[in-house]
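Protein chains in written order, with this note's numbering: chain B, -18 to 143; chain S, 4 to 318.
Worth flagging that the hints you see were computed from the coordinates, not collected in a lab. Hints should not be assumed to be uniformly reliable.
With the Cβ distance kept under 7 Å, some of the chain B side facing chain S (calculated, not the full set) [unchecked claim]:
1. Tyr(-8)
2. Arg53
3. Glu55
4. Leu56
5. Arg58
6. Thr63
7. Lys128
8. Met131
9. Leu135
10. Leu139
11. Glu140
12. Leu141
Calculated cross-link-like contacts (lysine to aspartate or glutamate; reagent style EDC-like; alpha-carbon spacing at most 20 Å) [stated by the list, open to error]:
13. B:Lys50 to B:Glu34
14. B:Lys54 to B:Asp19
15. B:Lys129 to B:Asp109
16. B:Lys128 to S:Glu23
17. B:Lys128 to S:Glu26
18. B:Lys54 to S:Asp142
19. B:Lys112 to S:Asp19
20. B:Lys112 to S:Glu26
21. B:Lys128 to S:Asp193
22. B:Lys50 to B:Asp19
23. B:Lys129 to S:Glu30
24. B:Lys50 to S:Glu26
25. B:Lys129 to B:Glu118
26. B:Lys129 to S:Glu26
27. B:Lys112 to S:Glu23
28. B:Lys129 to S:Asp142
29. B:Lys98 to S:Asp193
30. B:Lys112 to S:Asp31
31. B:Lys54 to B:Glu76
32. B:Lys128 to S:Glu15
33. B:Lys128 to B:Glu118
34. B:Lys129 to S:Glu15
35. B:Lys0 to B:Glu12
36. B:Lys98 to B:Glu115
37. B:Lys23 to B:Asp(-10)
38. B:Lys23 to B:Asp49
39. B:Lys0 to B:Asp(-10)
40. B:Lys54 to B:Glu115
Every residue gets a Cβ at the ideal spot worked out from N, C-alpha and C, and that includes glycine.
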Amino acid sequence: MNSNNVVADLYQAHNGWLKGWLQRRLGCSSEVADLAQDTFVKVLGRNLEGLREPRAFLRTIAHGLLVDKVRRKELERAYLATLQQLPEALAPSPELTCSLLESLYALDRLLANLPTKVRQAFLLCQLDGLKYAEAAEQLGVTVSSVKKYMRTALLHCLELQA
Amino acid sequence: MSDDHGAQACIETALDWYIELREAHAEDPRRQRWQAWIDESDSHRQAWQRVQALQQRLSGDDGKLLLSAWRATPSAISRRAFAGKLCLLLGGTAGMAYTGQQLAWPSLGADLRTATGEQQRLALDERLTLDLNTATALDIQAQSHGTLIALRRGEVMVDSRQMLPSLTQVRSGQALIQADQARFAVRALDDQPTRISVYRGQVGVVLADGEHRVAAGEQLLLTRHHLERRPLPLASDAWTRGLLISAGMPLGEFVQELDRYRPGILRCDPRIAQLRISGSFDLHQPEQVLATLGQVLPVQVRYRSRYWATLVPTA
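Here chain B stands alone, though its shape is the one from the complex:
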């Protein structure tokens, strides 16, 4: 059986259940159908041979999509709240906001993939402007570790920009 047939069967058998599962998490939301759809789209093209627990599989993918969606909303809200703290003159234009939000999602993925200490050292030095020695004291590590952390974080940023 080719893999698209497997997906079609999967869809037939579990779409109703998946929508119910999503509905319990989202409430009566118009997003339920969209997310169920997206879940099956993600399944397309994957190797599904030997799939033993289709519902656990679908649930995990749907959960990932849900988390992504929730995370984006969370980032947007934090962005707006932070924006409100700025003097009006410094606030970006609406057109800019759109591309800044895209950058924020990318930044989120980048920071999420960094080890905890690397991320903390990066934020302390880069955002708060701490010296290596100050950041080292805050984190309880050596100055040379902080330098190493900063290097790692900036290298990831450069890769993102490339």
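Put chain S on the given structure of chain B with help from the hints.
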């Protein structure tokens, strides 16, 4: 391939220079060696320009805005502990998808959340209203006998008007707080005792050793090993009206409170932490509150960056 490899090596060397020179004095002899390295070839120069462009982007207004916004997300804190799981979640790799495990995540799995500085009121139905304070995350679950709220972090004010046998229950750590008709707040902040404050009616606090009744006008402070009962501090529910009201609160405590509502870092110099502050302050304008403090107390704000502020004695 070897060109790519060479370019990557140049970038890494340029980055090493940046890290070395970030705090170097203008006269530091290393600067000459750095300049010599740049002058050595065009690829060195280009690599340095890339590092410099990145640095300008990150330290410009937009870069700071993005980094601060990221840090203001409620899960930025829980994320520290769950970074490994997050990679898996966002990566959505097939190998992991088959395990079908339920993935726990204190903040993201939450039904409702507020960012730092944000407050939200939610009328669930005519029997239950919630006020979420800054940086709060909670789940709501309907049950046959009422509603269960799992407070993951932050602070919530519950106004419950249930008819027995229905109850509103709040779970926070080891404690289960329940009431039918009451107005009460539960606050769970990292490294602080869980605080249960009752403003109307009475609530039952179920712990391992049994149920403790807390009546209107009382507050219960809970740690893992200790339970303290005390009268409600003055206007401790003012946050639901967006206010911080203080009658002789020590400045250190006041700053710690204000810090919860402001993205970034806010600190108080220990030399002035015992000064007393009285007044009514707008929680939605923490910057303005900071500016006001200087008018009533011998203190001033020192900004290390726009987001890192320390309250210090007036020079």
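Checklist entry - In ascending order, which of the hints set out earlier in this document are inconsistent with the structure? => result 1, 2, 11, 12, 13, 21, 23, 24, 28, 40
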